[in-house]
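2 protein chains.
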Amino acid sequence: MAKAAFDASDTPTLWTHEPHSHLEFQPGDEVGDIKANATPGFKGSKSDAPDLQDERNERFAELQEMLYARSRSGDTRKILLVLQGMDTAGKGGIVKHVVGAGNPQGIRYASFGKPTDEEQAHHYLWRIRNALPPAGHLGVFDRSHYEDVLIVRVRDLVPPEVWGERYDEINAFEKELVDDGTTIVKVAMFVSLDEQKERLAKRLKRPDKYWKYNPGDIDERELWPKYQQAYQAVLDKTSTEYAPWHVIPCDRKWYSRLAVTELLIEALEGLDLSWPPADFDIKAEKKRLDSV
Amino acid sequence: MAKAAFDASDTPTLWTHEPHSHLEFQPGDEVGDIKANATPGFKGSKSDAPDLQDERNERFAELQEMLYARSRSGDTRKILLVLQGMDTAGKGGIVKHVVGAGNPQGIRYASFGKPTDEEQAHHYLWRIRNALPPAGHLGVFDRSHYEDVLIVRVRDLVPPEVWGERYDEINAFEKELVDDGTTIVKVAMFVSLDEQKERLAKRLKRPDKYWKYNPGDIDERELWPKYQQAYQAVLDKTSTEYAPWHVIPCDRKWYSRLAVTELLIEALEGLDLSWPPADFDIKAEKKRLDSV
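First to last, the protein sequences are chains A and B.
To get the working numbering, take the position in the first sequence, counting from 1, and add 14.
To get the working numbering, take the position in the second sequence, counting from 1, and add 14.
Bound-form chain A, shown alone (with noise of 0.2 Å):
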């Protein structure tokens, strides 16, 4: 058996505090000082990961069922899971191994790659609003509206008075979603680029691996610095009280899947959920089933 995460009273056992109290974007952080190779609050070992690993998953799972349960009775809340990272980062696996936990019945699962010229013909944020999560889901965003102050940026896709423009934006959509019942959990996934090396190579040596390789990601790991200072204005402009940044280092899968589903769970708890109640006359029902 897996060591218990939390203690009787609800206190991370192998976290020194609440993960996200580590993992929050803090005003004056640097993007070049994030150690990728880290595991900040975290006082197990990559040898305690697996169980620790499946024991939350079902506290997520339980959690992610109660939230949509909700929704039948009209609760109208749900949860937003935004993943952003430069390729290898793990955004991938973060889907297959902590969403994968979930109930598919309750999970909106998006990917946003170059737009296609439908989407080009709308605002960037009509393909964005096409994939909400509706009332109880978690809605996932593989890649989100940030990659319109990020590749955009990066490679004057539009002028800078046009992307210039787009934090404020995304701060006053993501308000909009937050007033209307969604917490958004907001994620930057950092890898070093030794380890970007590493995790592509292994792409282009294994054939159950090629599928994930694209020769692009050898031109986007050549703007890097310019990628850096995109996430910088991202982290410094659109981490907001009501939908924060999270910085997670990357090098260590493990500890990044382990660090996202301590994060999905602490949204989940946060909204202080509980079986809805039947809206229904119990008594009556039963009567009804004990005749029919």
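Treat each hint with caution, since some may be false.
No copy labels: a pair is met if it fits in one copy or bridges any two.
[What the hints assert, rightly or not] The calculated BS3-like cross-link candidates involving lysine-lysine, where the alpha carbons are at most 27 Å apart (straight line), are:
id : residue 1 : residue 2
1  : Lys60     : Lys216
2  : Lys301    : Lys57
3  : Lys251    : Lys219
4  : Lys251    : Lys211
5  : Lys189    : Lys219
6  : Lys110    : Lys267
7  : Lys216    : Lys240
8  : Lys57     : Lys128
9  : Lys226    : Lys216
10 : Lys110    : Lys301
11 : Lys57     : Lys251
12 : Lys226    : Lys189
13 : Lys300    : Lys57
14 : Lys211    : Lys300
15 : Lys219    : Lys300
16 : Lys300    : Lys128
FYI, nobody ran anything at the bench for these hints, they're computed from the structure.
Fit chain B to the known structure of chain A by using the hints.
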């Protein structure tokens, strides 16, 4: 460790034949003869189920990822799982415990309840088409276009000459999907009236199950003889060579989950998948990576 589900020659060891051969609807089969507590073709027992389910979930997940990977290189094939069944038959359990073993990245789940006003204003296949899985995906329909010849027929929501046309329309629609590279896995889930009563009683007893209870379920239960006729017509008229129905006895949840898992694995194995070849020059990319 679980007993192997298939030996080295890929023959099922706990199944007497490929599961679909026991489960595929045959002309002349009568809905009234279905034994919902049977476990056709399965030689093992309930105690074999947990380990076997875990093991086969892994096989399913591996194949599902391969299907998704191939779509990145232009393979446009996809799978569509259609789940139909009376309340409490266990559709939700299939989604959670079978489909849930896959990677959310390649899964498109859609449930079809009472049509919205907008859906009602369109042809009944409009909302179905909107929810079809794209290339490389596993689409899951929790209820489907078959509602339009089941509840719609039983409750006289449209005149007989309207629903009467739909069987042929549905066959033509499904032929179109198959021609477009979709493998359709149609699953009709049957639970006995006794077992249904127990499951409904549990939903009325346990506060964590209230949300699954709907007073309308009892009305539907009372209409079982009419539903039986409607299901018979569906099976008789829409079990085609290109999209056959499978009849799943569902009184034993462990059996129905194992059975649907095997149907999905068979469908995926039938696509003869392999990891897609590199669509880039491996040597050149290795050299590029070395230099950055």
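Contradicted hints - numbers only: Structure breaks hints 2, 3, 4, 5, 8, 10, 11, 12 and 13.
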